[in-house]
Amino acid sequence: MYISKMKNKKSQTEIMGLVIVVILITLALLFVLSFIVLRKPTTLKKQYTQSEIAANTLNALLETTTPCNKQKVRELLQDCAANAPGTIYCEGLYSCAYVESIINEIFNKTLISWNMEFEFTATLTNITIARGYCAGEKRSQSQFIPTDVGVMTTRLDICG
Amino acid sequence: MTESIAILFIFFLLVLFGLIFYSRIQTATLEREQEEDKTIKAIQIAQKVSYFPELQCTTQAELPSGCIDIKKLESFQEIIAQEQNKLYYFQVFEYSQVHIEQVYPENKTWEIYDLRKPEYIGKPLTFIPPKLFIPVPVALHDPVENIMTFGVLHINVYI
Chain G
2 MYISKMKNKK SQTEIMGLVI VVILITLALL FVLSFIVLRK PTTLKKQYTQ
52 SEIAANTLNA LLETTTPCNK QKVRELLQDC AANAPGTIYC EGLYSCAYVE
102 SIINEIFNKT LISWNMEFEF TATLTNITIA RGYCAGEKRS QSQFIPTDVG
152 VMTTRLDICG
Chain Y
152 MTESIAILFI FFLLVLFGLI FYSRIQTATL EREQEEDKTI KAIQIAQKVS
202 YFPELQCTTQ AELPSGCIDI KKLESFQEII AQEQNKLYYF QVFEYSQVHI
252 EQVYPENKTW EIYDLRKPEY IGKPLTFIPP KLFIPVPVAL HDPVENIMTF
302 GVLHINVYI
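Chains as they are written, first to last, in my numbering: chain G, 2 to 161; chain Y, 152 to 310.
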C-alpha cells in the first residue's frame, strides 16, 4: 500500500516536471515569436528619405532667390552675420529677421507639414529654427558660407 | 499505458507548437522581404527621377544635383503627354505618380507622370492600395529670369 502510494506520488511529480518544461518551452517560443513578428518594419526608406531631405533641403534653401532685390538666402545670411541685424532692408525687416521669416515659411511648407523633427542652425547669427528635441539618432548636412567676419556654418539635422 | 499516451500527447503537442512557430516565422520573414523589395523599388525610382537628365539644370556645363530646370520641365510635360513617349518612360517611372511642387515664393504644381496598375485604372482612389510617398526637396531654376525657387519632387510609388 505504502509502496503504491509512493509510486503514485513519484509519477505525479514527474508529470508536474513535464508540465513545467512544456510551459517553459511555450513561453520561450512565444517570446521569440513576439520578437520576430512585432519587430519594427524596415528603416531603409526612413534612412534614405532623411539623408536625402537633409542634404537637398539645405542645398536648395541656400540657393533660393528671395523677392528682396533677387537676393539669395545665402547672401541674406552673409549680410546678417556680418552686419547684424543687417543692412539689407526688405518688406519692413532687416536681413536677419527677413531671412529667418523666409526659412520659417519654407520649413512650414515642407518639414513641418511632413511631421518631421529637425534643427536648423546658422553660426555667426542668432538663427536657430527647431521642431522637436533632436537628442538621439539624426542625419545632418552642413554647408560653409564665407562672410566678412569668418566662415559661417549652416547645419540641418533631421531627427529620428 | 496511460503514461505513454500522455507522453505521446505532449510530444505531438510540442511538434504542433513547433510547426505553428515555424510557419509564423516564415510568414513574417516573407512579408518583411516583400515590404523591403517595394521600398527598394520606390527608392530606385526616386533616385532615377532626382538625377533625370531630361529635367536637371545645366549651369556652365555643370550638372548641379538636386536642381531642376523649369523650362526643361515644361517641355518634358509636353513630351510625356504623348502616349508613345509615356510608354518609353515607363522603364524609368514604372507604376508611379510624379509631380513637382514649388513651395516658395508661390505655390505651383507641375504634373509629370501618373500611371496606375491596369487593375486600378478607372477605379476611385479609395480602391487603390497605399502608395509609398517619397518627398525630395529640390531647387527649381528659371534660366530666363535667372532665379532659383524652392520646390519638392513628390514621388508616389503604387505598390
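In case anyone wonders, no lab produced these hints; they're calculated from the structure. Among the hints, a few may not be true.
As the list claims (entries may be wrong) - Under the rule of at most 27 Å between Cα atoms (straight-line distance), these lysine-lysine pairs were calculated in the DSSO-like manner:
| id | chain 1 | residue 1 | chain 2 | residue 2 |
| --- | --- | --- | --- | --- |
| 1 | G | K46 | Y | K222 |
| 2 | G | K73 | Y | K192 |
| 3 | Y | K222 | G | K71 |
| 4 | G | K47 | Y | K199 |
| 5 | G | K71 | Y | K259 |
| 6 | Y | K268 | G | K110 |
| 7 | Y | K222 | Y | K189 |
| 8 | Y | K189 | G | K47 |
| 9 | G | K46 | Y | K268 |
| 10 | Y | K199 | G | K46 |
Said to hold, decoys possible - Residues of chain Y placed beyond 10 Å of chain G at every Cβ, according to the derived structure:
| id | residue |
| --- | --- |
| 11 | I156 |
| 12 | F168 |
| 13 | T190 |
| 14 | A193 |
| 15 | E205 |
| 16 | S216 |
| 17 | I231 |
| 18 | Q233 |
| 19 | V243 |
| 20 | P269 |
| 21 | E270 |
| 22 | F301 |
Even glycine gets a Cβ: it sits at the ideal position worked out from N, Cα and C.
Is it correct that the beta-carbon of Y/I156 has no partner in chain G closer than or equal to 10 Å? About 12 Å separates Y/I156 from the closest Cβ of chain G, which puts it past 10 Å; holds.
Holds or violated: is the Cβ of Y/F301 farther than 10 Å from all Cβ atoms of chain G? Y/F301 is in fact no farther than 10 Å from some Cβ atom of chain G, at 5 Å.
Distance restraint between G/K46 and Y/K222, which requires alpha-carbon spacing of 27 Å or less: violated, 31 Å
Mind checking the alpha carbons of Y/K222 and G/K71 for me, to see if they're no more than 27 Å apart? holds, 19 Å
Over 10 Å to the closest beta carbon of chain G is the bar; see if Y/E205 clears it. holds, 19 Å
Is it the case that Y/Q233 keeps its Cβ farther than 10 Å from each residue Cβ in chain G? Y/Q233 is indeed farther than 10 Å from all Cβ atoms of chain G, at 30 Å.
Over 10 Å from every CB of chain G: does Y/A193 meet that, or does the non-interface label fail? violated, 7 Å
Is the nearest CB of chain G more than 10 Å from the CB of Y/T190? violated, 5 Å
Outside-interface status for Y/P269 - nearest CB in chain G farther than 10 Å: With a cut-off of 10 Å, Y/P269 remains clear of chain G, as the shortest Cβ separation is near 26 Å.
Would you check whether the claim that Y/I231 is not at the interface survives, using Cβ distances to chain G and the 10 Å cut-off? Nearest chain G Cβ is 23 Å from Y/I231, so the label holds.
Hinted pair, alpha-carbon criterion (27 Å max): G/K71, Y/K259. Please report holds or violated. holds, 19 Å
Report holds if the minimum CB distance from Y/S216 to chain G is greater than 10 Å, and violated otherwise. It is violated; Y/S216 is separated from chain G by about 8 Å at its closest Cβ, not greater than 10 Å.
Violation of the numbered hints given earlier is confined to hints 1, 2, 6, 7, 12, 13, 14, 16 and 22; the remaining hints are satisfied by the structure.
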